[in-house]
Amino acid sequence: MRGSAGAILLAAGQGRRLGHDKSITAIAGRPVLSYGLGVLLQCGGIEKVVVTVREDVRQEVLAWVQREYGKESGRVEVIVGGKERQDSVLEGLKALGSGVEWVVVHDAARVLTSVGLVERVMASAERTGAAAAARKMTDTVREADEMGKVVRLLDREGLWRMETPQVVRSEVLRSGLGKAVSGWWRE
Amino acid sequence: MASAERTGAAAAARKMTDTVREADEMGKVVRLLDREGLWRMETPQVVRSEVLRSGLGKAREGGKMVTDCLAAAEMVGVKGVLVEANEPNLKITVPADWALAEAWLGAAKK
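Top to bottom, those sequences are chains A and B. No gaps in the numbering here: position 23 of the first sequence is 23 in the numbering used here, and each next residue is one more. Add 1000 to a position in the second sequence, counting from 1, and you land on the number used in the numbering used here.
Treat the hints as calculated values from the structure; they're not laboratory data. Note that the structure is a prediction, hence the values are computed from the model and not measured. Do not take every clue at face value.
Simulated crosslink set (DSS-like; lysine-lysine; CA at most 27 Å straight-line) [as the list claims (entries may be wrong)]: (1) K1028(B) - K22(A); (2) K1109(B) - K136(A); (3) K1091(B) - K22(A).
Short derived list, chain B residues pointing at chain A, Cβ under 7 Å [said to hold, decoys possible]: (4) R1021; (5) A1023; (6) W1039; (7) L1082; (8) N1089; (9) D1097; (10) G1106; (11) K1109.
Where a beta carbon is used, it is the ideal one built from N, C-alpha and C, also for glycine.
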């Protein structure tokens, strides 16, 4: 990738649907966020990774990163994320500073992501300015109310489920986030 | 089955947790959808046999495609209900699903 890249690993989620903060809970013997962090550190072109976590676990995560990565932990910064996802991305951008040209945003909850996928999205962003991992919808989609009462059937043709990593020029992301006011913004 | 007994037709479904976009075959984004209220349909789907039979018959006569049993039920005016699947219910669809299912089933056996 031409120009340097920095990554933001989002691990400050509230875990509302899971019922607890999932970022440092062990899965298959390692903290959830360790999988994404390991992958991002291995990607060609990514110089620095900022991990956004909940305030109450920041010290614990920081200590873990230093233990786990030793000297390489100098490429990792652990910061407190914001209330919403977009706030965390903005905090991450600030921490990355103006030195990086590209930003790779990734959800820590995606524990199966490969280095290859991140690098593919980075290569695609380089050609187009912004790119994201996504998956074609394979299920039929319906609109229904909270009780499950069906409202309507959607045509799934052409629908994609958005995932991460998502790669954007840092300047574009910064001005885009500046414009977005709180509300529906999720990516 | 219990839910279908009350309403006439029911299907397992899952609330959409990802953002949804419409894009062309090349992945070029067309528009952003509001994921609120969107559910991904799964199976099992349970319908009164009479309703399914006449719904599928009507679909065939009209040359209409019905993507699931609730759509068949709707052909004859029966509105189904979705039952939230809050446990893994993976369907093997693309090659990557195979490894995932195998790992899950292997781990579950232990």
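Hints broken by the structure, by number, lowest first?
Of the numbered hints given earlier, those the structure breaks are 1, 2, 8, 9, 10, 11, listed in rising order.
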